[in-house]
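Protein chains in written order, with the numbering used here: chain A, 191 to 662; chain B, 6 to 330.
You may find that some hints are simply not true.
List of simulated lysine to any residue pairs, SDA-like, C-alpha gap at most 20 Å [as the list claims (entries may be wrong)]:
#, chain 1, residue 1, chain 2, residue 2
1, B, K226, B, K249
2, B, K226, B, V260
3, B, K177, A, L617
4, A, K285, A, K303
5, A, K290, A, V419
6, B, K177, A, K303
7, A, K424, A, I405
8, B, K226, A, D655
9, A, K283, A, R259
10, B, K177, A, E622
11, B, K177, A, A630
12, A, K303, A, A325
13, B, K177, B, Y187
14, B, K60, B, F71
15, A, K543, A, R562
16, B, K249, B, L132
17, B, K177, A, T298
18, B, K177, A, R621
19, B, K226, B, K195
20, B, K177, A, K285
21, B, K60, A, T502
22, B, K177, A, L351
23, B, K235, B, R245
It should be emphasised that the hints constitute simulated quantities derived from the structure, not laboratory data.
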Amino acid sequence: MNFIPVILWSDALVFLLLSAGGVGVWHIRRHPHLLLPWQRVAQSSMAMVSLLLLSVFLLIGGLDTLHFREALPNQSGSYSPEVLSVLDKLLGKLKSQTEKTYSAPFATTLYAKETYTDAAGQVRRDYPKLRYGGAHLTDLSAQNSDMAWRSMQGGAAGLLLGGLLIVAFRGFGNNVGAQFIARFTPQKNHRAINCAPTNMSNFTPTIIAFLLLCILLGILANLATVYHVLGTDKVGQDVLYLSLKSIRTGLIIGTVTTLVTLPLALFLGIAAGYFRGWVDDVIQYIYTVLSSIPSVLLIAAAVLMMQITIDTHPQWFDTAASRADLRLVFLCLILGMTSWTGLCRLLRGETLKLREMEYIQAAQSFGVPHLRILTRHIVPNVMHIILISLVMDFSGLVLAEAVLSYVGVGVDPSMMSFGTMINAARLEMGREPMVWWTLAAAFSFMLVLVLAANLFADAVRDAFDPRLNRSG
Amino acid sequence: MFAYLLRRILYAVPILIGVNLLTFTLFFVVNTPDDMARMQLGMKRVTPEAIAKWKHQHGYDKPLFFNVKDSGTAQITDTIFWDKSVGMFVLDFGFSDDGRNISREIQTRMLPSLAIALPTFLVGLLLYVSFALVMTLLRGTFLDTAGVAVCVLLMSVSSLFFIIGGQFLISKLWHWVPISGYDSGWSGVKFLILPVLIGILGGVGASTRWYRTIFLEEIGKDYVRTARAKGVSEWAVLFRHVLKNAMIPILTGVVVVIPSLFMGSLLTESFFGVPGLGSYTIDAIQAQDFGVVRAMVFLGSVLYIIGLILTDVSYTLVDPRVRLQ
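Start from the sequences, fold in the hints, and give me the full structure.
Structure representation (C-alpha cells):
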C-alpha cells in the first residue's frame with residue numbers, strides 16, 4: 191500500500207515536546223541530584239500505577255499522531271483527501287464497521303424497532319439485526335457463552351503477553367539497576383544507592399496492575415472484533431473507536447498548551463523578579479490585565495476571532511483534517527495565553543526571594559553576567575515549581591476542553607474529542623429507550639485519564655516540594 | 006486607608022484601559038469589520054452595499070484608532086475605538102446586535118445569576134470549611150485518607166457529568182424538582198435547588214482538599230503546640246486558634262470571587278435555562294455578538310479588580326497587624 195506521511199501542526203508540536211522530554215530524561219539520568227526526587231516518585235506505587243495508565247493513554251495518543259494519506263487505488267501519484275493515522279489502521283474494523291444508528295453495548299440488534307422486509311420477503315416490525323455486531327452468531331441465544339469464551343481467550347492471551355513483557359523487562363530492569371549501583375558505589379553516594387530500585391518488591395502493585403490491564407485489554411480487543419463493546423452512536427459509529435480517537439485531542443490540549451505557557455511564564459516571571467524596577471512594573475501590568483479578564487470569556491473571544499479568520503481563508507487548508515487541526519493548535523495557543531499568569535506570578539515571587547541569596551550576590555559581585563546568573567542559578571532553582579505546576583495543570587486542561595467544546599468554543603466539531611462526544615450525546619438521555627452509552631463512555635474515559643493524571647501529579651508534588659519535611 | 010483605596014482605584018484605570026485595548030484588538034484588528042459583516046450576513050452572495058449598510062448600522066464605518074479626515078480632537082474621538090470604549094467606563098455598553106440596550110439587559114439579568122451563585126457560594130464555603138476541619142481533626146486516621154481519596158475522585162469528574170447526571174437522576178428519574186427553568190420570588194426556589202446542589206458538589210473535591218492543606222500547615226506551628234500544652238482541647242485549638250490563623254489564606258481565595266458572583270456561571274445557567282448573565286454571555290458567544298462579549302469582559306475585569314481591593318480590605322478585618330497605607 192502506497193502512502194505519504196502527513197505531519198499536521200499538532201503532530202509537529204507533539205514531536206517537539208517528545209524530543210524535549212527525551213532530552214530532559216537524558217539530562218536527569220546523568221545527574222544523581224536531579225534523579226533523586228524522581229526515585230521518590232518511583233517508590234510510590236500509586237504514582238507508578240497512574241503512570242502505567244497514563245502511558246497506555248500516551249501510547250494510544252502517540253499512535254494516533256502518526257498521520258498519513260493513502261494512495262488512491264486507480265490513479266498513480268494522487269492521494270486520498272482523508273488523513274488517517276496508524277491507530278486508524280490498527281483499529282481498521284472498528285472504524286469501518288458502522289451500523290445504521292444507535293445500538294446498545296454488546297447488542298445484536300438496533301435499539302429501536304423498524305419496519306423491514308426479511309429474507310423470506312415478509313414485511314415485519316421488529317428490532318433489526320446489526321450488520322456487524324454479533325453477526326457471526328448463528329444462534330442469538332448462544333451470545334452469552336460466546337462472550338464468555340471470547341473473554342477467556344482474550345484474557346488468557348493478554349495475561350500471557352503481559353507476563354512475557356514483564357519477564358523481558360525485568361531482566362532489562364535488573365541490568366540497569368546493577369549498572370546504577372556500579373556507577374555510584376565508588377563515589378560513596380549512599381543516598382543514591384539506598385534509593386536505587388535494586389529490588390523489584392516496590393513494584394509488586396505495579397506489576398499486578400500491569401497484568402490486570404493486559405487481561406482487560408486482551409478481553410476488550412478480542413470482544414471488539416465481533417461486538418460493539420460500547421455500543422454505537424447516532425450515525426452508527428462504534429463508541430469505543432470514538433473514545434480512543436478522543437484521547438489524542440485531550441492529551442494534546444493538556445500537553446501542547448505547556449509549550450506556550452512555559453516559555454512565557456519562565457521568561458517573564460524570572461525577568462520581573464530578577465531585574466525589578468520598570469521591567470517588573472511592565473510585566474506585572476501585563477499579567478494583571480490578562481488575569482483580570484474572566485478566562486472563559488477571553489478564550490471564547492479569541493476562539494470566535496480565530497473561527498472567523500479560518501472561515502474567511504479557506505485557501506490555507508488542503509484537507510479538512512488540517513483545518514480542524516489548526517483550530518486545535520490555536521485552541522492550545524489561546525489556552526496557553528490565558529493560563530500562564532499564575533505560574534508567572536509564582537516564579538516572580540520565588541525569583542525575588544532567590545536574588546537576595548548569598549550565592550547569587552556572590553555571583554553578582556564576581557561580575558558574572560546577568561544571563562549566566564539566570565541560567566546557572568535561578569532557572570535550576572525554580573525548576574521544581576515549573577514541574578509541579580505543569581503536571582497539576584494537565585488534568586485541569588483536559589477537563590476544560592470538554593466544557594469549552596460544550597460551550598461551542600472548543601475544538602472543531604468534526605474533530606473527535608470528549609467534549610464533542612458529550613455535546614452530541616447530551617440530548618440522548620431524554621430518548622426512549624434511553625441512550626446512555628456514549629455519555630458513559632466519554633465520562634469514564636475522561637475520569638480514568640484525569641484521575642491518573644491527578645494521582646501522578648500529587649506524587650510528583652510530594653516528591654519535589656521542598657517545604658515538605660523529609661527525614662533521611 | 007482612604008488614600009490607599011483611592012490609589013488602588015486609580016491603579017485600576019490603566020488596567021481597564023489595557024483590558025479594553027486587548028479586546029478591541031482581538032475583535033476589530035485581527036478581523037476587520039468587513040470580515041465580521043460578511044460573517045453576520047452569511048458567507049455567500051454578500052454585496053458590498055449590504056456590508057456598508059451593516060457597518061453603518063453598527064457604527065463600524067469609521068477608522069479604528071485615528072481619523073485622518075477630521076481635525077483636532079475629533080481625529081481621536083471620531084473612531085470606532087473611542088465610540089466603543091469610552092461608554093464602558095461609565096458602564097454604558099451600547100446596544101447588542103438585536104438592538105437591545107446591553108446595560109439594561111445586564112441589570113435585569115443580574116438577579117437570577119445572583120440567586121444561584123450566592124447560595125452556592127455561601128453554603129459551599131461553609132460545607133467545605135467544615136469538611137476540611139473535620140478531616141483535620143481526624144488527620145492520620147483511615148477516615149482522613151478516605152476523605153482525601155474521595156476528594157481526588159470528585160476533582161477528577163467533569164463538571165458536565167455532575168450537571169447531566171444530576172438532572173437525570175433527581176429531575177427525570179425521581180421527579181423531585183423541575184429539570185430546568187426560572188421564576189422570580191419564592192415560587193422560583195424549586196428551580197434553584199438543583200443548580201445550587203450541583204454547584205456545591207462540583208467544587209467540593211478541590212476546595213475541601215485545599216482548605217485541609219491550609220489547616221494542616223497551621224496545625225504544625227508552635228502556637229498550636231503551646232495551646233495544647235496549656236491543656237486546650239483539640240476542638241478549641243481547631244476553632245479558636247487554627248481557624249482564625251488560617252483566615253488569611255482562606256480570604257485570599259474567597260473574597261476575590263465575591264463580586265464576580267454577579268457574572269453567574271456559564272455552564273450552570275445554560276443547562277438550567279436560567280435567564281442570568283452567564284446564559285446571556287453564552288448566547289452572545291454562540292450568536293457572535295461582539296458588543297455583548299466585550300461588555301461582559303469589561304464587567305468581569307471591573308468586578309475582579311473590586312474583588313482584589315476587597316481582599317486587601319478584608320485582611321485588615323481578620324489580622325490587626327495588616328495596615329493599608
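Do the hints match the structure? See the list:
1. K226/B - K249/B: holds (13 Å)
2. K226/B - V260/B: violated (25 Å)
3. K177/B - L617/A: holds (13 Å)
4. K285/A - K303/A: At roughly 25 Å apart (the allowed maximum being 20 Å), K303/A and K285/A break the hint.
5. K290/A - V419/A: holds (16 Å)
6. K177/B - K303/A: Outside the cut-off at roughly 24 Å; violated.
7. K424/A - I405/A: violated (30 Å)
8. K226/B - D655/A: holds (19 Å)
9. K283/A - R259/A: Holds. K283/A to R259/A sits at ~18 Å (cutoff 20 Å).
10. K177/B - E622/A: holds (12 Å)
11. K177/B - A630/A: holds (17 Å)
12. K303/A - A325/A: holds (18 Å)
13. K177/B - Y187/B: Judged against 20 Å, a Cα distance of about 17 Å means the pair holds.
14. K60/B - F71/B: holds (17 Å)
15. K543/A - R562/A: Since the Cα atoms of K543/A and R562/A sit roughly 18 Å apart, the hinted pair holds (cutoff 20 Å).
16. K249/B - L132/B: holds (17 Å)
17. K177/B - T298/A: violated (28 Å)
18. K177/B - R621/A: Between K177/B and R621/A the Cα gap is close to 12 Å, so the pair holds against 20 Å.
19. K226/B - K195/B: violated (46 Å)
20. K177/B - K285/A: The hint is violated at about 34 Å.
21. K60/B - T502/A: holds (18 Å)
22. K177/B - L351/A: violated (46 Å)
23. K235/B - R245/B: holds (14 Å)
Hints 2, 4, 6, 7, 17, 19, 20, 22, counting from the list given before, are not met by this structure.
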